[in-house]
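Work the whole structure out from these sequences, hints included.
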Amino acid sequence: MNFVVGVSVFCAIVVLSGCKQEPTKSMEEDANIFKPETVLVDTRTAFMYTSSHVKGSVNLDSYDYLILKNPKTQRRILDPDIQQIIERLARRGLHPSKKVLLIGEQKNSIENKKWSWLLKLLEIERIERISLTEFRNENKNARYAEPDRAEPWILKMSPELQGEFIIKKSDDCFVKWSDKKCVN
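Numbering that gives the first Met the number 0 puts the first residue of the sequence shown at 0, with every later residue one more than the last.
Note that these hints are calculated values from the structure, not bench results.
Cut-off 25 angstroms, straight-line C-alpha distance, at most; resulting in silico cross-link-like pairs (DSS-like, lysine-lysine):
| no. | residue 1 | residue 2 |
| --- | --- | --- |
| 1 | K106 | K139 |
| 2 | K106 | K54 |
| 3 | K106 | K119 |
| 4 | K175 | K106 |
| 5 | K179 | K167 |
This is how it looks when you write it as C-alpha cells:
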C-alpha cells in the first residue's frame, strides 16, 4: 500500500510540475516606423477619422479652426488668433522642426491643400500629402506611436505681419479653396 501511495504522489508531482507555465515575456518594439520627428495628420472630417484612421495619427479638420463671423449668414472665417492656432497645433505634436504627412481621402484633396497652405505659412516646411489608401498600401501592418506634444513656436517673420497676411488670404485658401488664388 505504501508503494502505491508513493507512486501516486510521485506521479502527481511529475504531472503538476509539467503543467507549470513559464512567465509571459513581452517584447517591446518601437511603435513608430517613422522617425519621431514625423507627425501623421489625418485631414478628413472628424466623423471619417473616428470611423477609421491610422493608429497614431492626429485629426485636423479645418472646420474646427473656423469661427462664426456672422450668425445671420452663417459666414465663417479662420480664427484670427494665429498664436492660438499655433498652440493648438503644437498640442497635437506639430512643430517647424518636424515633418508632417497629410493623409486625406485623396492625395490632393481640398483639405490636404488647405492644411499644406496654412502650415507652410506657419513655417512648417517639410510637408507631404498622401491618400489614405496609398498610405495603407505602402505601410501594411505598421504601427505608429502617438506624437508627443510640441512646444508652441514664435514665427520668425513678424507674427503680426504674417498673421495679417494669413487672415487676408484665408477666405480663399482655408475657409474655401481656390487653386487659382492659392499657391501650394
